[in-house]
Amino acid sequence: MNYEDMEFFAPGHRACAGCAAPIIVKWVLKLAGPNTIVVNATGCLEVFSTPYPHSAWRLPWIHVAFENASATASGIEAALKAMGKKEGTNIIVFGGDGGTSDIGIQSLSGMAERGHDVLYVLYDNEAYMNTGIQRSSSTPFGAWTTTSQVGPSKPLGKEEFKKPIADIMAAHKIPYVATANPAFLPDFKAKVQKALSIKGPKFIHTISSCTTGWRHDPSKTIEIMRLATETGIFPLWEIENGDFGHRKITYMPKQRKPVEEYLKPQGRFRHLFSEPEKIKEIQKMVDDWWAQYEHPQ
Amino acid sequence: MPMMMLKGNESTAYAAKLARVKVVPAYPITPSTVFPEKVSELIANGEMDAEFLPVESEHSALSAAIGAAATGVRTMTATASQGLAFMNEILYIASGMRLPIVMAIGNRALAAPVNIWADQQDTMMVRDSGWIHFYAETNQEALDLTIIAFKVSENENVLLPALMGMDAFVLTHTMEPVNVPEQKDVDAFLGEKEINYPVLDPSKPATFGAFVFPEHYMEFRYSQYIAMEHAKKVIDDAFEQFNKIFGRGYSKVSGFQVEDADILFITMGSMTGTARETVRKLREEGEKVGLVKITVFRPFPKDEIIEITKNAKVIAVVDRNISPGFAGAIFTEVAASFTNVKNRPKIIDFILGLGGRDIRVENYEEIYKRSKKAMRGKFEEVQWIDVDEESVKEVEGSL
Amino acid sequence: MKITKGVVISEPGSTALEETGSWRTFRPEIRYEKCIRCMICWNYCPEPAIEKKPGEEYPVANQKLIKMPVPVINYQYCKGCGICVNECPTKAIDFVREEK
Numbered sequence: 001m002n003y004e005d006m007e008f009f010a011p012g013h014r015a016c017a018g019c020a021a022p023i024i025v026k027w028v029l030k031l032a033g034p035n036t037i038v039v040n041a042t043g044c045l046e047v048f049s050t051p052y053p054h055s056a057w058r059l060p061w062i063h064v065a066f067e068n069a070s071a072t073a074s075g076i077e078a079a080l081k082a083m084g085k086k087e088g089t090n091i092i093v094f095g096g097d098g099g100t101s102d103i104g105i106q107s108l109s110g111m112a113e114r115g116h117d118v119l120y121v122l123y124d125n126e127a128y129m130n131t132g133i134q135r136s137s138s139t140p141f142g143a144w145t146t147t148s149q150v151g152p153s154k155p156l157g158k159e160e161f162k163k164p165i166a167d168i169m170a171a172h173k174i175p176y177v178a179t180a181n182p183a184f185l186p187d188f189k190a191k192v193q194k195a196l197s198i199k200g201p202k203f204i205h206t207i208s209s210c211t212t213g214w215r216h217d218p219s220k221t222i223e224i225m226r227l228a229t230e231t232g233i234f235p236l237w238e239i240e241n242g243d244f245g246h247r248k249i250t251y252m253p254k255q256r257k258p259v260e261e262y263l264k265p266q267g268r269f270r271h272l273f274s275e276p277e278k279i280k281e282i283q284k285m286v287d288d289w290w291a292q293y294e295h296p297q
Numbered sequence: 298m299p300m301m302m303l304k305g306n307e308s309t310a311y312a313a314k315l316a317r318v319k320v321v322p323a324y325p326i327t328p329s330t331v332f333p334e335k336v337s338e339l340i341a342n343g344e345m346d347a348e349f350l351p352v353e354s355e356h357s358a359l360s361a362a363i364g365a366a367a368t369g370v371r372t373m374t375a376t377a378s379q380g381l382a383f384m385n386e387i388l389y390i391a392s393g394m395r396l397p398i399v400m401a402i403g404n405r406a407l408a409a410p411v412n413i414w415a416d417q418q419d420t421m422m423v424r425d426s427g428w429i430h431f432y433a434e435t436n437q438e439a440l441d442l443t444i445i446a447f448k449v450s451e452n453e454n455v456l457l458p459a460l461m462g463m464d465a466f467v468l469t470h471t472m473e474p475v476n477v478p479e480q481k482d483v484d485a486f487l488g489e490k491e492i493n494y495p496v497l498d499p500s501k502p503a504t505f506g507a508f509v510f511p512e513h514y515m516e517f518r519y520s521q522y523i524a525m526e527h528a529k530k531v532i533d534d535a536f537e538q539f540n541k542i543f544g545r546g547y548s549k550v551s552g553f554q555v556e557d558a559d560i561l562f563i564t565m566g567s568m569t570g571t572a573r574e575t576v577r578k579l580r581e582e583g584e585k586v587g588l589v590k591i592t593v594f595r596p597f598p599k600d601e602i603i604e605i606t607k608n609a610k611v612i613a614v615v616d617r618n619i620s621p622g623f624a625g626a627i628f629t630e631v632a633a634s635f636t637n638v639k640n641r642p643k644i645i646d647f648i649l650g651l652g653g654r655d656i657r658v659e660n661y662e663e664i665y666k667r668s669k670k671a672m673r674g675k676f677e678e679v680q681w682i683d684v685d686e687e688s689v690k691e692v693e694g695s696l
Numbered sequence: 697m698k699i700t701k702g703v704v705i706s707e708p709g710s711t712a713l714e715e716t717g718s719w720r721t722f723r724p725e726i727r728y729e730k731c732i733r734c735m736i737c738w739n740y741c742p743e744p745a746i747e748k749k750p751g752e753e754y755p756v757a758n759q760k761l762i763k764m765p766v767p768v769i770n771y772q773y774c775k776g777c778g779i780c781v782n783e784c785p786t787k788a789i790d791f792v793r794e795e796k
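Protein chains in written order, with the working numbering: chain A, 1 to 297; chain B, 298 to 696; chain C, 697 to 796.
Excised from the complex, chain A in its bound form (with noise of 0.2 Å):
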């Protein structure tokens, strides 16, 4: 059954005007169609679909709390199993940065261990947006947050690189991960439709602006989004079981955009144009990760 013209994921919802979070939801629901069980980690998602007493979601839904919505799907799966109803429902989670890479990386990682049939789904806008912007571990290099605040002591922002959340997941040696980018949706799509085929833990890693976070106007959410992977700074690849010598990427971009193309629209960076070599510094990690890629030894 194609499920793609139906909405999962109801209008009215809270979500500010331009927020991707909606874009990913309403994707991956509508590859999973209504056989569908969803978990959601606290952040902004759960606070802005179900102001109470009203709900955006069109399937059942449960949030609990921040850091443990892998161990509450899998309660939900272990639960459907003794009731012998598990096979043909799907079991997805939503979860932000925060509820993934930081606070909830725990129980995912559990969740992972265990072999629990759960996609999970990672919205990252690369910080604590629900609380005001405040930096996780998500949050890129050179970023300004409320937390990596730039002035004269501090002129780059968050000091720290970006955690790799789906290399980790990878190296458990789950069955899938992947990331992946709404702005190629075809990608995206194809992904979520192979995770959903496979039984066992599945992470997918997907980039979620934040237009208040991310400072730039609304209506450029899709577009970059889609610098993000033509810079290469969000590649596009999935990983099998772990297989790290077989990272397939998904979209090779036959001539790198700079990154600056990138920066450059996002109040986050702005700060970064007055640190040129900071710059420098961001497109050489790009360079050095695409480098086994584009010039395979």
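Wrong hints could be hidden among the right ones.
[Claimed, not checked] Computed cross-link-like contacts, DSS-like style, restricted to lysine-lysine with a CA-CA straight-line distance of at most 25 Å:
id, chain 1, residue 1, chain 2, residue 2
1, C, Lys763, A, Lys30
2, B, Lys529, C, Lys701
3, A, Lys30, B, Lys501
4, B, Lys530, B, Lys607
5, C, Lys749, A, Lys189
6, C, Lys698, B, Lys501
7, A, Lys30, C, Lys748
8, C, Lys749, A, Lys30
Bear in mind the hints are in silico, worked out from the structure with no lab data behind them.
Using the hints, position chains B and C against chain A.
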């Protein structure tokens, strides 16, 4: 009904099996570890038909229990002390979501200093979490009360989670003869589990755990308060029905030699046995002393306590916990129960047995002696028993 | 006031009763004569406030497309983010200031 020699943790594992629990997520912690071990063994032997989830933390154990209960199956876990503290956030969510999860607790001291022995600080810490609290004196009670906990929790007028506390090692690791009920009798008592609450079901999509604004939040809290009030009668009914089927009677509070007693101990958990022994001994010496045991701590049996202590002159509350800055938790509750009672007894709090220090007959004799003195004169409201005050004075100074 | 045991919401998708269109300061307007019915705007509308409707009754850029569905904006929900305006490959969506 077969008699078996069981540890407290095994009693609760058998209770899980007899209650036909379908999902058991658990994380080992002393002194509760034997519970997941036993469940794992019962499943491996084909004696129990359930999914065991060896989760990576207590926080995840209760979170998975919520996921399972919200999907519509009977679910149980076990923990203690630090594990319960780690779960704290999720305890409030389980009760707020009105999920009838049952949890066995091996009552153990909280760090620091780290200590693995008997102490009721852990469950007193979660007094306000909206869970029903049962406390066992023996391993037989541990088994029975766990089964009763399901009956109460799942009642449609209640739908609240319940915990069943048993003291570390004294019960959790000590073998006692336990009358293990027949499956058919437990089935008759609990009935076919009917899901009487909405569950995660793709054929009936519903939203669980929504975001609630000030215009609704208070009604949800009031709703929980009312459910806990309903639990009072539901617990009585469950005890009565249990007695009919199994011939073992329970009540929220139970008295021993209370009728003419001037002084009454109030105890909870395994410490009760020693208190009963002391009462017998003192009675032989002609002392008018008795004992009240608390089996249900939440909902708090306020009316029952007022009634059962109505002839007493002094109530000696025994607290195996302390709230620094005030008193022990049971004292707080007992004292508050008398707030609007005219002729109230003197109420004294005795702190003892923390961190697994043995509770002996001599301790109760000391409590009795001090209570008798208080009957006629002034007294300290909070008194520590069997503690080396001098050594502490050297570091902390005198009051 | 509606209170449920355990805060369960049993009306799925009920945010659709709300109106987020009032947030708008700019209003996207599809000029169907330029629209090639590619549905990219529908793909990317975050509300979603763009619905797929039968296209026979709408003006069309090319008669070959007449059988294809068209995107129709539901202004009850459209917050005016402008993603559709930005992504439209034929620049068929105008973005006009709301007059209030």
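Hints broken by the structure, by number, lowest first? none
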